[in-house]
Structure formats: structure tokens, C-alpha cells
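Participant: Put chain B on the given structure of chain A with help from the hints.
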Amino acid sequence: MNEILNIFTDPLKIAGQSIILILTYTILFLIVEAFVPKFKAFADTLFVIILVLTLGQTVMDAFSLMGDLVNIASDFFLAMTPILTSLLVVLNSVFSFIAWSPVILFIFEILILLCKKVLIPAITVALILDFCTRFIQDISFSKASELIRGSVMTLITASLIAMVTVLSFTGVAFFTIDQAIASPIKKVIEQTVPIVGSLIVEGFSIFHKYQSTATTVVGFGAMSAFWGASFYPAGRLLIHALTFKFIAAIVEPFTGSTISGLLDDVGKSLLLLCAVSILLGIAFVFIWLILMVILQLGVGKSF
Amino acid sequence: MTFLIYAIILMLLLLFIKETASKLHGLIVVIFFFVLLYFLLSKLTIPFIEQLLSYVHSVPYVPQLVYSALFYQLGLFFQSILAEEEYETFGELVMFSIRIVLLFYWTSELGKILSNLSSILEKLQ
Numbered sequence: 091m092n093e094i095l096n097i098f099t100d101p102l103k104i105a106g107q108s109i110i111l112i113l114t115y116t117i118l119f120l121i122v123e124a125f126v127p128k129f130k131a132f133a134d135t136l137f138v139i140i141l142v143l144t145l146g147q148t149v150m151d152a153f154s155l156m157g158d159l160v161n162i163a164s165d166f167f168l169a170m171t172p173i174l175t176s177l178l179v180v181l182n183s184v185f186s187f188i189a190w191s192p193v194i195l196f197i198f199e200i201l202i203l204l205c206k207k208v209l210i211p212a213i214t215v216a217l218i219l220d221f222c223t224r225f226i227q228d229i230s231f232s233k234a235s236e237l238i239r240g241s242v243m244t245l246i247t248a249s250l251i252a253m254v255t256v257l258s259f260t261g262v263a264f265f266t267i268d269q270a271i272a273s274p275i276k277k278v279i280e281q282t283v284p285i286v287g288s289l290i291v292e293g294f295s296i297f298h299k300y301q302s303t304a305t306t307v308v309g310f311g312a313m314s315a316f317w318g319a320s321f322y323p324a325g326r327l328l329i330h331a332l333t334f335k336f337i338a339a340i341v342e343p344f345t346g347s348t349i350s351g352l353l354d355d356v357g358k359s360l361l362l363l364c365a366v367s368i369l370l371g372i373a374f375v376f377i378w379l380i381l382m383v384i385l386q387l388g389v390g391k392s393f
Numbered sequence: 055m056t057f058l059i060y061a062i063i064l065m066l067l068l069l070f071i072k073e074t075a076s077k078l079h080g081l082i083v084v085i086f087f088f089v090l091l092y093f094l095l096s097k098l099t100i101p102f103i104e105q106l107l108s109y110v111h112s113v114p115y116v117p118q119l120v121y122s123a124l125f126y127q128l129g130l131f132f133q134s135i136l137a138e139e140e141y142e143t144f145g146e147l148v149m150f151s152i153r154i155v156l157l158f159y160w161t162s163e164l165g166k167i168l169s170n171l172s173s174i175l176e177k178l179q
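Residue numbers (the working numbering), protein chains in the order written: chain A, 91 to 393; chain B, 55 to 179.
Same shape as in the complex, but just chain A:
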């Protein structure tokens, strides 16, 4: 039980630790600057280096978490696709219910491919560009990194819209997507920055809709385990991202715009990673739900 709790408290502990660390460093830098005023030009660079040294581990953790998640998800989808397609062939009646599932599978595959080949390298490049911008202050790459982040965000939004459109086109029986789910997506198109928030809300509402189906099959406990497993990495990444945003907000009055800007950029990049992992989580839950519906149909249960 303790270990399970640790899974949830560890990210918070890391967040608290890094906030305290950065506060200590800020105070220390203020003291040093008070005693050695000429050290300031050097100290600004040094602060960036120390940030990389202390918080770099967190960023790398986030990236490796994302990498593991993508690898697991791609293996999972690769293993599930033949089972799902053969079940679709065997059980004719499934077609009437899950007419959309081949398309959905295709979209999920595209999503995984995007994550593996485009998203993570692109976000890494954006982070490195941000770092270079702040570290070498005469040369600015901020436009380039913003462009990369913007295009990644567009890709995510596009795949999300594709998923939702397919779902609402072929909405059948209990899988009907109502206006309540479709409207946040429209807001997402309008303003892509708070995409993470509406993604979370949407994830919740989707889960809420299908929960009734799921409880009849394996019970609420198993379903919530799937839910937790799918969205745990996303939550963890969200905590990391918000920590960076929070530290940037705290540090801003005391240090130059360089440091808080760097922290803010890192936070933005991590929020993107979080958005991607939430999408993967939704995909994961959907595949399980499809499998459960097929199982129910297989044992002769009708809707």
C-alpha cells in the first residue's frame, strides 16, 4: 500500500524539493550579489548553469517517462491490433456497434508514430533552442522554438479533432458523442494554450460516459486501475510542468527575465509533453473499452 501511495506522492515531493531548492538559490544569489556586485554578469550565467544542474534531472525524468510511455503504447497497440481485427472478423455483430474502430485504430497508430518520430525530438530541439537563447544572450532562437512548439501543438490539436470527428460521425448506441464533449474541442481550436485543461476535462467526461458499460464487465476497480495506469504519466508530467511554471512565477521579481523566462519555456515544453501523454492515455482507455465491448458481444450480451 505504501508503495502505491509513493507513486502518487513522489512527483509532489520532487516538486516541493525543486521549489525549495530554487528559493534557496535565489536567496543565495541575492546575498552573493550584495557582497560582490561585479559578479552579477557572471552570476546570471551561473544561475542558468545551476538550474540546468539541479532541475535537468527532472526534465530528463519527464522525457524518459514520455519515451517509456510511447514505447509501451506502441508495443501495446501493435499487440492489440491483430486481436481486435480478428475479433472484428469473427464477430459480425460487432460491426454494427463499432463501425468506427478500424478508423480509430488507424488514428491511434498515426498518433504513436507522430509521438515517436516527431513530437519528442521536436520538443527536445525546442528545449535546447530555449537554453541556447538564454545562455548566449546575444543570439536569440526564441522564434524558432516558439515555431516548433506551435507546430507540435497544431499536430496534437489536429489529431484530437480527427479522433473526435470520427467518433461523432459514427456515433452509435452508447458511443454517441454529445455536444458536451464536442464543445471543448472547439474551444481548443480557438485557443491552443490551455489545451491541457480541456483535454483533462474531456478525458473525465469520456470516462464518465463509458463507466456504466465497464462496470458490468470487470467491475469498477479494474476499470479505475486502467484509468489510473493510463493517466498516471500524464498527471506526473503535469505536476512537473506546473512546478516549473510556479518556480518561474516565484523567481521572477528577484532575478532577471532570463531565468524566469527559461523556467517558463521549460514549463511550456513539459505542458506539451503532458498534452501528448493525455492523448495517449485517452487512446489507451479507448482500446480497452473497445475490447470490453467486443467481449460482451462475444458472450452474447446485447445492448
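You can take every hint at face value.
Computed cross-link-like contacts, DSS-like style, restricted to lysine-lysine with a CA-CA straight-line distance of at most 27 Å: (1) Lys166(B) <-> Lys103(A); (2) Lys166(B) <-> Lys335(A); (3) Lys130(A) <-> Lys166(B); (4) Lys207(A) <-> Lys233(A); (5) Lys130(A) <-> Lys335(A).
Hints in this document: simulated from the structure, not taken from any laboratory.
Facilitator: Just chain B now, kept in the frame of chain A:
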């Protein structure tokens, strides 16, 4: 406060020497500089830094940071004493070497974590 009294006594001595034996003045200024520097470091600076570090001993990279600042300040002192003896270029050289040493240390620390990062990026591929 002891340091203040030392500084004033030494200044008076220097003024005296300047009036009587002005040829030796430059030499004695350098000697007194080192005497005062020794007192400053051993009686004030090092105890202060040790007290400061004892509060934050669990935070990584704090000693390195504080001692880099101290090192930089010492470099500034040496630069100004060299400039007083009209050896400005030597002072610049000292500052340049100190900047190089600091950068050398911090880039080697940064290098460790960058190699870590690149290994993770390789794992992603």
C-alpha cells in the same frame, strides 16, 4: 571592528612611510595588502562562509557557488592592487585567468549532466 582599526593603523603607517621613505612605499603597500587580506579571510570571510554553508549544507552546488564568488572577489582585489602599482595589464591577465578557471570548473560540471541527457536522447531513438 578590529579589521577597521587594523586598516586605519596600517593607513597611518603608510602615510608616514610615504613622507619619510617614499622609495620603499610601493613595496610596503603590497606587504600591507597581503597582511590585511590574510586578516580579512581568516577572521571574517571564511567563518562567515562556513556559517552560511552550515544552514544550506543539504542543497547541492552551494559551496561551489559561494567559493566561486569569493574567488572572483579575490581576483578583483588583485586586479586593483596591480593597477595601483601601474601594472594594469597584469591585473587584466589575473581576471582573465580567474574567469577561465571558473568557466572551466562549471562547464565540466555541466558536461556531466549534458552527457547524461544525450544518453537519454539516444535511448529514445
